[in-house]
Amino acid sequence: MISRKIILTFPQALLDKPIVYKLIKDYNLIFNILQAKITPDEEGIMILEIKGASRDYNAGISYLKNLGIDIRPLDQKIIWNERKCTHCGLCVDICPTQALSFKRPQMKIEFDKRKCIACELCLRICPVKAIEIQQ
Amino acid sequence: MKTISEINKKIKQGKVVVVNAEEIIDIVEQKGSKKAAEEIDVVTTATFAPMCSSGAFLNLKQPKPKIKIQKVWLNDIELYAGLAAADLYLGASQLPEGDPLNKIYPGEFRYGGGHLIEDLVTGKEITLRATGYGTDCYPRRELNQKVKLKDFNDAILVNPRNCYQNYNAAVNLSSKTIYTYMGVLKPNLGNIAYCSAGQLSPLLNDPFCRTIGIGTRIFLAGGIGYVFGAGTQSNANVKRKKEVPVSPSLTLRVNGDLKQMNKKWLRGASFVGYGATLIVGIGIPIPILDEKMIKCTAIKDKDIYTQVVDYSRDYPYGEEKSLAEVHPVKSAKGGIRRGGLFNRVNYKQLKNDSVVIADKKVPAVSLSSYYKAKEIANILKNWIEEKKFFLTEAVEKI
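Residue numbers (the working numbering), protein chains in the order written: chain Z, 1 to 135; chain Y, 1 to 398.
Careful: at least some of the hints might be erroneous.
As the list claims (entries may be wrong) - No more than 30 Å apart at the CA atoms, straight line, and that leaves these computed lysine-lysine pairs for BS3-like:
1) K115(Z) - K361(Y)
2) K388(Y) - K108(Z)
3) K129(Z) - K124(Y)
4) K115(Z) - K348(Y)
These are calculated hints, taken from the structure and not from any lab test.
Between the sequences and the hints, there should be enough to build the whole structure, so can you do that?
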């Protein structure tokens with residue numbers, strides 16, 4: 001069993017295809033949609049957490065790639081810039097998955113990108129803009 | 001008993017013993033205050049937090065021909081120019097012309113006076129635009145040029161109110177999210193925001209300002225600064241618990257040469273829906289004159305309480321009060337017990353992730369950086385040990 005968080009970018013031509021349905025039915029994968037943005041006549045972005053047997057996962061990913069979908073791991077999307085961070089702690093409360101947390105007793109901010117779901121709530125809260133998004 | 005000049009002599013001889021305000025806690029616990037007061041000479045305290053009442057006086061090198069500046073903008077941020085020809089004051093909370101402010105609520109306030117101060121200290125190029133009305137001695141009427149910090153004869157950080165001795169913990173009792181200078185406060189007591197370095201905070205380690213006064217030399221944003229008086233809104237007449245105020249109390253007025261400072265300790269900051277400000281790093285040494293002084297510096301987070309204030313109604317409408325005192329309930333014995341479900345909270349609880357107020361577990365949010373404050377306290381400690389920083393006797397009490 002493996003579990004991965006990925007970002008899918010769909011070309012316009014694929015927007016009306018039931019791709020996610022195929023992932024469940026033909027590849028037996030379990031998934032959780034963390035974010036989906038589809039703008040008509042443009043492109044679609046979907047952030048998924050996919051779980052399944054490693055063989056099924058790889059087959060499913062090949063299927064998506066063959067369709068022309070761009071796949072990137074989610075942990076490259078949100079960047080915590082430690083050099084800019086003042087370790088104040090405003091982001092800790094807003095982060096829904098505790099990806100941003102305090103290391104106690106030092107009260108030092110730590111970012112666990114595996115827990116991040118790229119909800120972007122921290123972006124506007126951070127007073128010094130130490131959290132950035134990779135487009 | 002030790003005097004400040006004796007401590008300075010020890011600094012010169014390389015014999016001084018300095019610890020930070022966190023380390024002193026265990027030392028006093030293990031050795032006892034009497035022995036510790038004999039061994040330790042200085043305790044360093046610090047804070048690194050948003051301090052809106054900050055700004056800088058700048059004196060521009062005159063162009064040829066000269067100008068008596070009437071209006072001036074740096075990166076579209078207006079500075080106050082109602083002083084002599086080329087003296088300007090830049091406020092940390094000033095916003096650029098054309099900023100959408102809170103028109104699209106909550107506003108972002110991505111750039112303000114604090115960011116401009118940070119850019120100046122970083123050595124970045126700034127766009128200057130100034131107008132004058134022209135006089136016989138200052139004929140120029142317009143000036144447009146790129147400037148850097150070096151193009152100013154003088155740049156002095158002048159902060160009317162910094163370093164609050166304790167501060168409110170803010171909550172929101174309403175049913176909608178509010179955007180404040182204490183951060184985003186979630187509805188129905190959804191979180192509690194605090195802003196103090198607690199046991200590291202300068203004025204909490206010298207609660208009656210026995211050693212900190214006018215003329216005290218300090219670490220100010222990476223350079224040398226001085227306390228030049230009590231800050232605005234400074235108030236010694238507050239409720240205390242074991243000598244420590246439980247609400248905002250004393251403040252300091254500080255200044256220093258901006259050209260000596262480091263961008264690491266002066267950071268522009270944006271508060272969603274509220275505005276822009278400046279995060280300032282301040283470190284203050286406390287001379288251990290006697291056992292009484294060391295006891296003050298051994299204060300722990302768990303002994304520093306603060307009041308919880310509602311920022312949805314009480315604070316904005318000028319009825320700021322501790323929630324512990326406005327919700328009286330009957331005690332078991334039948335008398336009225338103040339406090340009810342609300343209570344004061346201490347910094348140990350606040351730093352521990354969440355506090356229980358009104359029978360609810362409330363997540364705590366901090367604005368002040370304890371981690372960075374400790375870094376400042378340690379830098380100041382090194383400066384003293386390396387004979388780069390000597391203590392001063394206050395010329396006047398505050």
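We went through each hint and held it up to the structure:
1. K115(Z) - K361(Y): holds, 24 Å
2. K388(Y) - K108(Z): holds, 28 Å
3. K129(Z) - K124(Y): holds, 18 Å
4. K115(Z) - K348(Y): At roughly 27 Å apart (the allowed maximum being 30 Å), K348(Y) and K115(Z) satisfy the hint.
Hint compliance for this structure: no hint is broken.
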